[in-house]
Amino acid sequence: MNDKLIMSAVMLAIVIFSIVYAVADQYIGDDTVNILSIIAAGAIVGFTAIVMIQYLNQIKNDHATGELIENNWDGIGEYKNELPFGWAISFVLTLVFTIWYFLSGYPLNAFSQIGQYNEEVNIHNAKFETTFENADEETLNDMGESIFLVQCTPCHGVTGNGIDAKAADFRTWGTEEGIVNSIVNGSRGLGYAMSEMPAGLLGVNDAKAVASYIMAEISTYGKTSSPELIEQGKILYNTCAACHGDDGKGMYGTSADLTKYGTSAFVIDVLQSGKKGFIGTMPTYRVEDQVMTPIQQRAVGTFILSLSK
Amino acid sequence: MFHWLEKRPFFLGILIFLSVSFAGIVTILPSFADIARPTVGTKPYTVLELAGRGVYIKDSCNACHSQMVRPFKSETDRYGIYSLSGEYAYDRPSLWGSKRTGPDLLRVGNYRTTDWHENHMLNPTSVVPDSLMPKYPHMFKNLANIDTAWAEAETVRKVFSVPYNEPLIQKDGTYQSVKLASTIEEARTDALAEAKLVVADMKTKSVIDAVERGEIPEIVALIAYMNSLK
Amino acid sequence: MDTRTLEYDYTVSKWFLITTIILGIIGLLIGVIIAFEMAYPELNNLFGEYGTFGRLRALHTNTIIYGFILSGVFSSWYYIAQRVLKVSLHESHFLQIMAKIHYFTYLLVIVLALVSLLLGITTSKEYSEFEWPIDIFVVIFWLSWGIGIAGLVGIRREKSLYISIWYFMATFLIVAVLYLFNNMSIPTYFVTGAGDWYHSVSMYAGSNDAMVQGWFGNNMVEFVLTVPIIAMIYYFLPKEAGQAVYSYKLSLISFWTLIFVYFLAGGHNLIYSTVPDWVQTVGSLFSIVLILPSWGNAINMLLTMKGEWQQLQTNPLIKFMIMASTFYMFSTLEGSIQAIKSVNALAHFTDWIPGHVHNGALGWDGFMIIAAAFHMAPRIFRREIYSKKLMNIQFWTQTVGIVLYFSSMWIAGITQGMMWRAADQYGNLAHSFIDTVIMIHPYFVIRGVGGILYFVGFLFFAYNFYKTITLGRKLEDHELKNVSPMATV
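Protein chains in written order, with numbering that gives the first Met the number 0: chain X, 0 to 308; chain H, 0 to 229; chain R, 0 to 488.
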């Protein structure tokens, strides 16, 4: 009955470890930390099991021997037995390992975790930054989705719909319809010197025409869903030119650059400046703060605009 | 020698004491002064922020959230630049935390906003579906403990010379100072003014009304504290 | 050899024993509640702000550590010390009073702690949450214990101190130092005249505060959750089994190296934080060295049982203690390996760490205290243990509970750690934080189930204990030699 007990304990240990491995396997990759951790988990279970079995075996099959010391306490005696050999050797080995580690492995006076970090970053940059320097649209979109899911979803939602108006809705923001929204409702918070764009500069229908013109002719986006409104929009655009300039470039940075509108460059502007808009405040995701790299910003921009298509 | 010791508990006790003292002396003392030095840009907390920190401690936010960004790319990508010792110079006690049931919050002020916190603290799943964080409606009703926060700030100023009311150099080269009122009445007024700025971005009517009346609900203080974590 | 039979005074040992069981029930129950709160957040709001995880967690840790475990330690001290020092508390009226002061101040602290933690009055420092007024009472009850130790050791007949006494002495001395240093704080009301009178601000700031807290936390684990429990097993196992301790030399070396090395391992709570790199390295390395002293004691106990397999089969008390030794080995190896820098890079902040904690707390501490209680009860109450069968049922139920607990936390923690680190093919983070929460949820539920099993087992224990002291067959002296009398019901 009791050999079965030991066997079942061993089986249990193996089963537990296997489940851990099975669940975690998909994430291990080639990350040394992950590999070492799985080995560590196995070692913990393994060594304990091996040593326990050894001693349980002695409990079963050996018998107590040795010379007793003279004293006893409440009937409890003590043997004068020697230290278990394996135990003593292991102890010495750990001490040797420690000395090696302190002097050579991770020397006390020389190892730096920041240095280790810098190395990690350099390796990463060498591997990734150059590879994706000239990524195509599909790659950027894929990359952008990944970044979006980690960084943007808490406010913008998993589908980018703005979670019931808690943040911008990317089904319309950045599109032709988005221009109409801005004209009708105004826009603020991107930090331009001209400050807030007032609401209601044009009525809804006029706004649609202007939007059409801007998308087709001002922005590098270059097309519109309502080409028939372009002519009318061009005339109405004069209202906008006062702040945005005839060319729509934003009067030397004092207002939004509409030539970027509808492209990822516009998204990048928002990422860099943040936005304290009507809905709420959006934080910045600036390159200077090492929060996003330029390629990541382009990727996010590409993805966000894809949400409205 | 050990047989001798085992018959003499007094000396046994002394040796036990010496055995353990070694570690504390050798590891904690040498760098004590060094790691306490504040980094450039680290500022003491305002009274409102301290009151918010008090809320954070009262509800044990530190039990689920850490405030320590470790130097791994996966951490810095997610939370911001790795932590520096001097950033915590005015944290008494430090709130590094030992568990991430929820994400790290050291630099949460950089990527979450007042209105987001408002939504999140009242109902976490409204902004993070599948979140396991509890709701904290009581923070919208209970009032923040401004008096104790001022007492704490004044204590650390007096006892530990924490540099309130002194110009401190910032990362961009400018100087900023954090005001600490010398009387509690003035501190209450200052805190209220600061609270009004926070509430300007909030939408919950009961909270807005409370601040109008001169009261500061816990959520306002907590948000002020979270926003200061950059 | 002194042939006079002493009559020992177990009054305070008895009081602490009953308190151990009650606080065990409360502490475990709160543990089960918070485990399910983590899986089903709606549960947090059932009792307003007082039932939230934030309030209850500190209540759970403190009730278990300072309540259940410490009470068990004290009960064992007042039992073991008299017997191995060959002196009775009846021989000193002063010491009897001291013991009672110890008990009642301790109880006061427990009550104050329960109330204040529920109200959210806390310093936030783990296992150091009490504000300064309660700390003062802790010092009082701790000192009264110390005076009791010094007094009893002073009037002892057995001149040579048994191993258990060294460990109890170490517990007293070192926890005193640890507690005093870590709780140093300035009460803000007395400096400014404003704010809450009980509020204080930590003496240390930032990284220094974390270092002191790390030093404290690690060594509280040693000197409350390990050292006094070792004191207990060195008495209760050889005594119950009627065997001599395997090797005096092993116990001696393990004792001194344990207390010396453990303190150096404190940095392992702070790996990859902002404490100096060399402190982290020291912590990490000495955690590895620490494996051997820890295992030394466990091995000594296992070897003490050489040839006694049939005792392991037939005596549930021995089962509890052997399993306790197994979990002791398991969790000390686990902790040390988690302290290796690379493993820590993954494990820190994940659920793998609570998994480690509960291996030790449920497996080593819990089982050892249960065994101690089962051994002491017949002697203190002079009653036969009510049901051996129930002891076995309890043992298996609780063991399954522990296995469910640590396996679920291993899977959760390791996977979570890997997901946090994972990068996609573009080198960007592959998973948002909430992804890891979604992954982990089922394991939170399994852990809760494990906790329920352990708790239910504990209820069996409490029932068995209650039946023992009220209905158990009264015992004669000669029945109280080694194996504790158990009714085979």
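One thing to keep in mind: the hints can contain errors.
Below, a list of computed lysine-lysine pairs in the BS3-like style, where the Cα atoms sit at most 25 Å apart [said to hold, decoys possible]:
#1 H:K6 <-> X:K275
#2 R:K473 <-> R:K388
#3 R:K318 <-> X:K165
#4 R:K388 <-> X:K3
#5 R:K318 <-> X:K3
#6 R:K473 <-> X:K59
Please keep in mind that the hints were generated in silico from the structure rather than gathered at the bench.
Outcome of the hint check:
Note on H:K6 and X:K275: the hinted pairing is violated, with a Cα-Cα distance of about 75 Å set against a maximum of 25 Å. With a C-alpha separation of about 19 Å, the suggested pair R:K473 and R:K388 falls inside the 25 Å cut-off, and the hint holds. Pair hint R:K318 plus X:K165 does not hold up; C-alpha atoms about 59 Å apart against a cutoff of 25 Å. With a C-alpha separation of about 21 Å, the suggested pairing of R:K388 with X:K3 holds against the 25 Å cut-off.
Straight-line distance between C-alpha atoms of R:K318 and X:K3 comes to about 16 Å, which keeps the hinted pair within the 25 Å bound. Of the pairs offered as hints, the one joining R:K473 and X:K59 is violated, with about 34 Å between alpha carbons and a cut-off of 25 Å exceeded.
In terms of the numbered hints stated before, the structure departs from hints 1, 3, 6, listed from lowest to highest.
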